[in-house]
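Order-wise, the sequence lines are chains L and F.
Going by this note's numbering, the first residue of the first sequence is number 1, and it counts up by one from there.
Going by this note's numbering, the first residue of the second sequence is number 314, and it counts up by one from there.
Hints were generated in silico from the structure; no laboratory data involved.
Keep in mind it's a predicted model, so treat the numbers as computed, not measured.
Using N, Cα and C, we set each Cβ at its ideal position, and we do this for glycine too.
Hints are not guaranteed to be accurate.
[What the hints assert, rightly or not] Simulated crosslink set (SDA-like; lysine to any residue; CA at most 25 Å straight-line):
1) F:Lys436 - L:His53
2) L:Lys59 - F:Lys703
3) L:Lys159 - F:Thr347
4) F:Lys743 - F:Thr711
5) F:Lys703 - L:Phe26
6) F:Lys743 - L:Thr52
[Claimed, not checked] Pulled from the structure, derived: some chain F residues nowhere near chain L, Cβ distances all over 12 Å:
7) Pro456
8) Leu562
9) Phe622
10) Ser641
11) Glu818
[Unchecked claim] Cβ-Cβ distance ranges computed for the label pairs, FRET-style:
12) F:Gly677 - L:Ile153: 57 to 65 Å
13) F:Glu640 - L:Gly56: 44 to 52 Å
14) F:Pro393 - L:Lys157: 19 to 27 Å
15) L:Phe21 - F:Gly677: 28 to 36 Å
16) F:Ala459 - L:Val73: 49 to 57 Å
17) F:Pro393 - L:Val141: 53 to 61 Å
18) L:Thr221 - F:Arg564: 55 to 63 Å
19) L:Ile61 - F:Thr490: 23 to 31 Å
20) L:Lys157 - F:Thr754: 52 to 60 Å
21) F:Asp822 - L:Arg84: 22 to 30 Å
22) L:Val73 - F:Gly677: 34 to 42 Å
23) F:Thr742 - L:Lys157: 51 to 59 Å
24) L:Phe26 - F:Thr742: 29 to 37 Å
25) F:Gln702 - L:Met69: 30 to 38 Å
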Amino acid sequence: MKSYFVKRILSSLITLLIISFITFVFVALLPGNPAEVLLGEFATPETTAVLTHEWGLDKPILYRYGIWMGNVVRGNFGESIISRIPVRSLIARAWPVSVELCLLSLVIACGVGIPLGVATAIMKRRPERLAMISVLVAQSVPSFVSGILMILIFSVKLKWLPSSGYVSFLEDPLQNMKVMIMPALSLGLVIAALLARFTRSCMLDALGADFVRTARAKGLTETTVLLRHAFRSAMIPVVSLLGTQLVWFLGGAIIQEIVFVLPGLGRAVVRAVMGRDYAAIQAVVLLMATVAAVANLLVDLIYGLLDPRIRYD
Amino acid sequence: MRFSRLSVMCVLGFVLVLLAGTAMVSAAPKYGGTLKVALWGDIETLDATKTPQVPVADSIRWSIWEPLVRYVGGDELYEPRLAESWEWKDPTTIVFHLRHGVTFHDGSPFTSEDVKFTIERMKDPANALANAGYVKLISAVVPVDAYTAEMTLSVPYSGLLTNLDYVLMVSKANPPTATGKPNGTGPFKFVEWIPGDHLTIEKFTGYWNPSLPYLDRIIFTPIPDEQTRIANLESDAVQFIDDISLAQLTRVKSNSKLSLYTGPIGSKLIAALFVTTVPPMDNLLVRRAIAYCMDRAGFVSTAFLGNGFVTENIYSPENPYYNPATESVHPYSLDTARALFKEAGYPASFPPEASPIVITIPTGNPAFENAAVLLQSSLREAGVPCDVQKYDMSAWVTVRETKQIVITLYSYGGVDPSIVLSTNLISPTKNVPHFYNQALTDLMSQAASTQDLTLRKQFYYVIQQYLADQAPFSVFASYETRHAAQSYLKGVLVSQSLSQPYYEEMWLDK
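In isolation and in its complexed conformation, chain L is listed as follows (with noise of 0.2 Å):
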């Protein structure tokens, strides 16, 4: 086992750095530059040649990727071109709030998704059909309109709710749940809904296998049989797609940092990419690609729990 997680880690290395090449070479191609989004129309090509040649922008782009590459290791990721603020600083402030706002959505698919989808596999008819009806609506329905429908609702008629204004739960827990429970549940349930429907289809093949038979055959409870076997046996490609969801789950987050104003990875990056902050869209990137190969990685260890079949090599 050791040995297949180092080669894991190995491979996850060559990854991030073919993933940090190609992005350097695309964002460093894109028409447009830094310069011209700060000087906006006031842009002549002699201002902008100062400020290009000012912050290093005239390199060559293989020069500057060997530079940036060598900051990287040394854990230096640059400044933003614009701003002249650390991106490290930049990334330190807003990977929480993304954090955050990813496990709580994620917090609320698993519990409303599987719980929802294990439910539809063993009820009747009706309640099953309305039950799915549901499923189709939130998978149906944007998080980002979704999102602007609870401010409107829960912010705007009710009050219930500020509709934005992030503070960070060690500052106020509560105020904290009241800013992130509505981009939390617009985002969650759009994956609760998937997550419902594939669980259901996974409890329905494992409800008809031939261990479940045997198990009832033993004598033994519906309960143990559902819970201890076909429940089991249905979460491992759960798991998997969880795996693979979460990275939608930090894409998603964009629209609804966006949406509720939430200084998070996902603003960052948008802001970045709009004002051609190569450095900042390089550190981000390369976080989110770390964070996609790190959750592979505790995917296939938890395949590992839940089937003991599973023998790494």
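With chain L fixed as given, assemble chain F onto it according to the hints.
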């Protein structure tokens, strides 16, 4: 005890006067409170002298820094700010008498040395400051004494004072930098900036006008999504939002708890620019034909829901130099357009492989998208294939600069007619249509430098007629910039030059 009717009336009258007096007293500005403002875009830098970006301008530009004079329009035209008074010694020399007792936020005094430093810093190409064009005609600044600065121009220029409204006075000892603490003479001083989250400023107790500002603190939050921004205002999470789109006016107007504030009438205009050095825009007949395809009334009713003004003139009708003869040189007429296209050599129908005329626009501007689609539809109806291509703002600036476009859209404004003519619209040094004409340039210089207002008007009339005839661009419409606020926010003033809000006289009536 019996009271006469007269005595009862006197008592009632006294009570009414007392109540009226109380009401008048309660209408006086209240000191204190924190104002929360939602901006439509992110603040990218703390150096407001470096960028014309509106979110920066709408927040810290005139809160933290100040100019020598402020354009206010009307009969007075200019209001003294850091300069108490000024006089022209001759057509190219103006003397400013600076206000005494003004200090920067770091406590250092504001003197004529700072005026000289500010102008020279803007003119220095090594600093690459966005607004350098506003001072290009200033050849020298001489500090006569600590509170007197003599400014010399390279040529007479009647728009100087309007230009100086955009020139923020900075400290020679502690000038602005991208990350350094902003240091100005304005009514508010910098507190903190969390990029992407908020920027906070607070009352400067050493401000030269001791009765201002009223507010203790202002917190600016960027909320790019307009629906969220307006929802925040409706829920009272913020009290002021800048630059709402005209399509949202009905929603704001229908809310009795909200108020609207507008910039000067016709403060912004939208035009289609034709790159005159690239086929087919190098053909005047084609440019005129496209101008006839512009459904201006349709644009105002769809893009602005009627909240705009149809005009084809480079200036809005409220501008004193507006030439009514050029109001409608190319009224919407597809038949006329077809005839002109035919005269220009366009076939009645195009083969499938024919290259369409491409209208290139930046994303994120609903008015531009609306105008582009309308124009595309008209051109197709006139028999000319046309596509619309979108780029984000940064890429649009690049493709525009590298002449990869034939038509684009442009929004501009400006109070002084010479300022409008110095923009990318038709500046003699650099403009998007690449339309350069020495006679036109000479006329522009003469118009800008003449002190005789009647003669100046005549010059601008000729310029407007010439541009209308040559059609390097064609204007769609003019509109006003609008801001929205909670009704209990009082004292809202909007710049008459750039439509941006001034915060020093705002106060919270709650």
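Comparing the hints with the structure gives:
1. Proposed proximity of Lys436 of chain F and His53 of chain L is supported: the alpha carbons are some 19 Å apart, at most 25 Å.
2. A threshold of 25 Å between alpha carbons decides the hint, and for Lys59 of chain L with Lys703 of chain F the separation of about 28 Å lies outside it, so the pair is violated.
3. Between Lys159 of chain L and Thr347 of chain F the alpha-carbon distance is near 20 Å, which keeps this suggested pair within the 25 Å criterion.
4. At most 25 Å may separate the alpha-carbon atoms for a hinted pair to count; Lys743 of chain F and Thr711 of chain F meet this at roughly 14 Å.
5. At most 25 Å may separate the alpha-carbon atoms for a hinted pair to count; Lys703 of chain F and Phe26 of chain L meet this at roughly 19 Å.
6. Only pairs whose Cα atoms come within 25 Å are accepted, and Lys743 of chain F paired with Thr52 of chain L is accepted, the gap being roughly 20 Å.
7. Listed as outside the interface, Pro456 of chain F is consistent with that label: its C-beta sits roughly 27 Å from the nearest C-beta of chain L, beyond the 12 Å cut-off.
8. Under the 12 Å C-beta cut-off, the non-interface status given to Leu562 of chain F relative to chain L holds; the minimum distance is some 18 Å.
9. The non-interface label for Phe622 of chain F is consistent with chain L: the shortest C-beta to C-beta separation is roughly 22 Å, beyond 12 Å.
10. Separation of Ser641 of chain F from chain L is adequate, the least Cβ-Cβ distance of about 27 Å exceeding the 12 Å criterion.
11. For Glu818 of chain F, the non-interface assignment is confirmed: its Cβ lies about 26 Å from the closest Cβ of chain L, beyond the 12 Å cut-off.
12. Take Gly677 of chain F and Ile153 of chain L: their Cβ atoms lie about 27 Å apart, and the range 57 to 65 Å is violated.
13. Checking the proposed 44 to 52 Å range against Glu640 of chain F and Gly56 of chain L shows it holds: the Cβ atoms sit about 51 Å from each other.
14. In this structure the hint that Pro393 of chain F and Lys157 of chain L lie 19 to 27 Å apart at CB is violated, the actual value being about 48 Å.
15. Restraint check, Phe21 of chain L to Gly677 of chain F: a C-beta distance of roughly 30 Å satisfies the suggested window 28 to 36 Å.
16. For the pair Ala459 of chain F and Val73 of chain L, the supplied restraint of 49 to 57 Å holds, since their beta-carbon distance comes to about 54 Å.
17. Checked against the hint of 53 to 61 Å, the pair Pro393 of chain F and Val141 of chain L passes, with Cβ atoms roughly 57 Å apart.
18. A hinted range of 55 to 63 Å for the beta carbons of Thr221 of chain L and Arg564 of chain F is consistent with their spacing of about 58 Å.
19. A hinted range of 23 to 31 Å holds for the C-beta pair Ile61 of chain L and Thr490 of chain F, which are about 28 Å apart.
20. Between Lys157 of chain L and Thr754 of chain F the C-beta distance comes to about 58 Å, which sits within the given range of 52 to 60 Å.
21. Remark: the range hint 22 to 30 Å for Asp822 of chain F to Arg84 of chain L is contradicted by a beta-carbon distance near 40 Å.
22. Distance hint check for Val73 of chain L and Gly677 of chain F: the Cβ-Cβ separation is about 37 Å, which falls inside the suggested range of 34 to 42 Å.
23. Our hint of 51 to 59 Å for Thr742 of chain F and Lys157 of chain L holds, since their Cβ atoms are close to 54 Å apart.
24. Between Phe26 of chain L and Thr742 of chain F the beta carbons are some 35 Å apart, a value that agrees with the proposed interval 29 to 37 Å.
25. In this structure, Gln702 of chain F and Met69 of chain L meet the distance hint of 30 to 38 Å, their C-beta atoms being roughly 35 Å apart.
Checked against the numbered hints listed earlier, the structure breaks hints 2, 12, 14 and 21; every other hint is satisfied.
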